[in-house]
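Here is how the chains run, residue by residue.
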Amino acid sequence: MTALSLKNICKSFGAVSVLKNIDLTVEEGEFVVFVGPSGCGKSTLLRVIAGLEDATSGSIEIAGSLVNDIPPARRGIAMVFQSYALYPHLTVHDNMALALKQEKQPKTEIAERVDEASRILSLGDYLQRRPSELSGGQRQRVAIGRAIVREPKLFLFDEPLSNLDAALRMNTRIEIAKLHRTLKASMIYVTHDQTEAMTLASKIVVLRDGRVEQVGAPMELYNNPANRFVAGFLGSPAMNFFPAEMVGGRKGTVAGVRPEHLRISQTGRLAGTVVHVEKLGGDTNVLVDIGTEDNLTLRLFGQYDIEAEAKIALDFDDNHAFAFDQNGKRI
Amino acid sequence: MNKARSNLLNSFAAHAVLITYTLIALFPVFVILINSFKTRKAIFREPLSLPNADSFSLIGYETVLKQGDFFLYFQNSLIVTVVSLFLVLLFGAMAAFALSEYRFKGNTLMGLYLALGIMIPIRIGTVAILDLMVQTGLVNTLWALILVYTAQGLPLAVFILSEFMRQVSDDLKNAGRIDGLSEYTIFFRLVLPLVRPAMATVAVFNMIPIWNDLWFPLILAPAEETKTLTLGSQVFIGQFVTDWNAVLSALSLAILPVMALYVIFSRQLIRGITSGAVK
Ligand SMILES: Nc1ncnc2c1ncn2[C@@H]1O[C@H](COP(=O)(O)OP(=O)(O)OP(=O)(O)O)[C@@H](O)[C@H]1O
Ligand SMILES: [Mg+2]
Numbered sequence: 001m002t003a004l005s006l007k008n009i010c011k012s013f014g015a016v017s018v019l020k021n022i023d024l025t026v027e028e029g030e031f032v033v034f035v036g037p038s039g040c041g042k043s044t045l046l047r048v049i050a051g052l053e054d055a056t057s058g059s060i061e062i063a064g065s066l067v068n069d070i071p072p073a074r075r076g077i078a079m080v081f082q083s084y085a086l087y088p089h090l091t092v093h094d095n096m097a098l099a100l101k102q103e104k105q106p107k108t109e110i111a112e113r114v115d116e117a118s119r120i121l122s123l124g125d126y127l128q129r130r131p132s133e134l135s136g137g138q139r140q141r142v143a144i145g146r147a148i149v150r151e152p153k154l155f156l157f158d159e160p161l162s163n164l165d166a167a168l169r170m171n172t173r174i175e176i177a178k179l180h181r182t183l184k185a186s187m188i189y190v191t192h193d194q195t196e197a198m199t200l201a202s203k204i205v206v207l208r209d210g211r212v213e214q215v216g217a218p219m220e221l222y223n224n225p226a227n228r229f230v231a232g233f234l235g236s237p238a239m240n241f242f243p244a245e246m247v248g249g250r251k252g253t254v255a256g257v258r259p260e261h262l263r264i265s266q267t268g269r270l271a272g273t274v275v276h277v278e279k280l281g282g283d284t285n286v287l288v289d290i291g292t293e294d295n296l297t298l299r300l301f302g303q304y305d306i307e308a309e310a311k312i313a314l315d316f317d318d319n320h321a322f323a324f325d326q327n328g329k330r331i
Numbered sequence: 001m002n003k004a005r006s007n008l009l010n011s012f013a014a015h016a017v018l019i020t021y022t023l024i025a026l027f028p029v030f031v032i033l034i035n036s037f038k039t040r041k042a043i044f045r046e047p048l049s050l051p052n053a054d055s056f057s058l059i060g061y062e063t064v065l066k067q068g069d070f071f072l073y074f075q076n077s078l079i080v081t082v083v084s085l086f087l088v089l090l091f092g093a094m095a096a097f098a099l100s101e102y103r104f105k106g107n108t109l110m111g112l113y114l115a116l117g118i119m120i121p122i123r124i125g126t127v128a129i130l131d132l133m134v135q136t137g138l139v140n141t142l143w144a145l146i147l148v149y150t151a152q153g154l155p156l157a158v159f160i161l162s163e164f165m166r167q168v169s170d171d172l173k174n175a176g177r178i179d180g181l182s183e184y185t186i187f188f189r190l191v192l193p194l195v196r197p198a199m200a201t202v203a204v205f206n207m208i209p210i211w212n213d214l215w216f217p218l219i220l221a222p223a224e225e226t227k228t229l230t231l232g233s234q235v236f237i238g239q240f241v242t243d244w245n246a247v248l249s250a251l252s253l254a255i256l257p258v259m260a261l262y263v264i265f266s267r268q269l270i271r272g273i274t275s276g277a278v279k
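From first to last, the protein sequence lines are chains A and B. Counting in this note's numbering, the first sequence runs from 1 upward without gaps. Counting in this note's numbering, the second sequence runs from 1 upward without gaps.
Just the calculated beta-carbon pair ranges, DEER-fashion:
| id | chain 1 | residue 1 | chain 2 | residue 2 | range |
| --- | --- | --- | --- | --- | --- |
| 1 | A | Ser12 | B | Asn140 | 51 to 59 Å |
| 2 | B | His15 | A | Val16 | 50 to 58 Å |
| 3 | A | Ala238 | B | Asn10 | 49 to 57 Å |
| 4 | A | Gly281 | B | His15 | 48 to 56 Å |
| 5 | A | Ser12 | B | Asp131 | 44 to 52 Å |
| 6 | B | Gln75 | A | Ser12 | 52 to 60 Å |
Lysine-lysine pairs mimicking DSSO-like chemistry, simulated, CA-CA at most 30 Å apart:
| id | chain 1 | residue 1 | chain 2 | residue 2 |
| --- | --- | --- | --- | --- |
| 7 | A | Lys203 | A | Lys178 |
| 8 | A | Lys329 | A | Lys251 |
| 9 | A | Lys7 | B | Lys105 |
| 10 | A | Lys184 | A | Lys107 |
| 11 | B | Lys105 | A | Lys20 |
| 12 | A | Lys101 | A | Lys178 |
Beyond 12 Å from chain B on every Cβ pair, some chain A residues (computed):
| id | residue |
| --- | --- |
| 13 | Glu27 |
| 14 | Ser38 |
| 15 | Asn224 |
Keep in mind that the hints were calculated from the coordinates and are not lab data. Using N, Cα and C, we set each Cβ at its ideal position, and we do this for glycine too.
Only chain B is shown next, with the shape it has when bound in the complex:
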């Protein structure tokens, strides 16, 4: 009886904290969403009220869709994010597998070297990177962004994934070797599925900063045809006038794809297929 009551209390407290946190976290998003559907006047008069018949307006979305090539920006952002994530995961996982699986001279040193990037922000090298991109003719291409983001994401990916790969059963890999699987098959078919939750974590951690980044698109790819969504939205923010309807609408639209990607990865986070593999 006593135990049952205290458990109820515990779970009530836990839920209260979590719900409060959720509300706080979602509030700004909520404000952006409701205001994106209001007229400019209504946004400033009553920023927290829901749009009603009077204040409802799609003017923001209209501006966004008319002005500039919004869909192109959207597509650019999506390409850059997805391709960078793919490369980070692929190369990160491969490096992590090599570091955790094979004994070779300088293994630890190599691991430390690869993890160095976690401590040194890549923006420090912006000038050198720009120089490099100019010389290789990659300025104003999406590849410039993809390469930079891949480099930016790799250190943490290698660090996290090699930790997880060390935990994958040696017996399983050895069974594969005895059955004649190649090292690549062992990596792709046996090991990767077992570290899927870790891969999803890495993907989520990398995705948001890439999607939201303004720095590198502005410096490396500011041309009209390579603008990303974040950069493209900046046209609505002027030094003197800001088109708030358009800004809020653009932000609302920008949330959607990240959300979709997040849902995909988080499902991987939750699903555990390791049970039954060993033991």
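Okay, chain A solo, but in the shape it has when bound:
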């Protein structure tokens, strides 16, 4: 069964059109990640799905039923916010129980579900504390717990990890992945962190300016991007682009090569000077100026001693290269 199906969703604030003709389906149990640059409408799309904003046009179906006119609380969804949004006047326990009380669930059922959620998220020791007495990571776990207890048909996460520091972010990311495996629930997750998108998603939706650019499994998008935007957006460091002419391609088209597919070669087709070298221990990133607008990035695995200002020539295998036309479409 499809957990969510969006048909031709448009949303505008006054004259500004933020979402344009979005079509999307989320299958049951899928983990779908929305990525895209800031301001492209990810949060707005999520809020439209949740019912916090009305779509200007289009239809929203959750688990097979049309929910356009149904209020957020009865759509069978739960949402986790970037700012946690815990109720400051309630304890951790009551924060999680509130939605169930609103649904008039029996007391035993509430107790059971809250216990289960606090066990999964190891919140047992904090149940009687208020949000202000918790650390950022604990608060985010409570926010996730508040979503779990509702047993929703669809989880919505809006950049849930962006307020956490790097180490905690990794831990919580793994916990969310584990959670998805145990609950087998359908989830939609908004982020602009590449790693989160690539590691969590069973399906990535790349958005730009309120339009869907491409939908697919992470590796599919990585290996087979539909256009220059998707190619440049996924992957870190980002893909290198340069005029195809420089390597004997057709005039006017653009060639794209990922940093890890470039290599140093005395007879290389791309000659330039090293601008900067980043030594990360495990790998070394070399920025090379070859006379194009943007510097090329070369990613070498291992440690290398390369000086800035050194002359260097780069090459790549043609079967690793992508070609794009003037409009950025893949050819």
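Use these hints to put chain B with the ligands onto chain A, whose structure you have.
Leaving out everything else, chain B with the ligands in the frame of chain A:
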């Protein structure tokens, strides 16, 4: 070392300024208080000296408590102030919430309209208000005063509170909506506690003018049973003779309830419970 010394100097200067200001501000109150405990002669002979065995007298308080129905006036003032404040805060906050939270046609215009009263003093409309009160039969009732003061306080309340409510996290309100809370619950349980400091500010700003007002009680409710404290105290100030003992005693007593209310609200001003709500 250098830094430590300059900090000390800074904080000394700051405290000196604040203490001077406090003394200047409290001096008149102090003079009223000490003189209210003195005989009439002593008040005029040495207005700045503390009451001693010779000059000590409770005659002022006796006059005040005997003359007129002082406790009734007191009660009237308190009822008018508290009920007006309550209505100003309730309706002001509700209007502010609607203006800041919902997008509807004419939202900005409505906000401007509601704030218009800040610039136009309500006393300009006194004649029309009196006319209205006469026609509705509210003259010489406390409701006349309460309604006028509520109208007087609302514009600033709406203006200040809507500014603060805009800052309340959208995520928090949305979380409430997803959990099935009604808009009223979201307003009363989530938003109001977070704007408590702003509410206290509005309360303090409104309280003093209402308590001290002489204009509207004199015009709208001069009857004996609806007199407010400020109006009631006027009987001691005659055109030719003024009973200073009684005036000063009445003023001293009038300070107490405002002070009590102020203490209540200022505690709200200081307490910040927002931490941990978001972020
Ligand atoms: N209530 C609103 N009124 C008017 N415009 C809005 C409103 N909410 C969002 N927008 C506009 O819609 C666009 C998309 O906003 P949205 O919050 O969905 O972006 P986003 O993709 O979530 O960005 P970010 O990654 O920074 O969170 C932005 O240009 C924003 O200015
Ligand atoms: Mg966003």
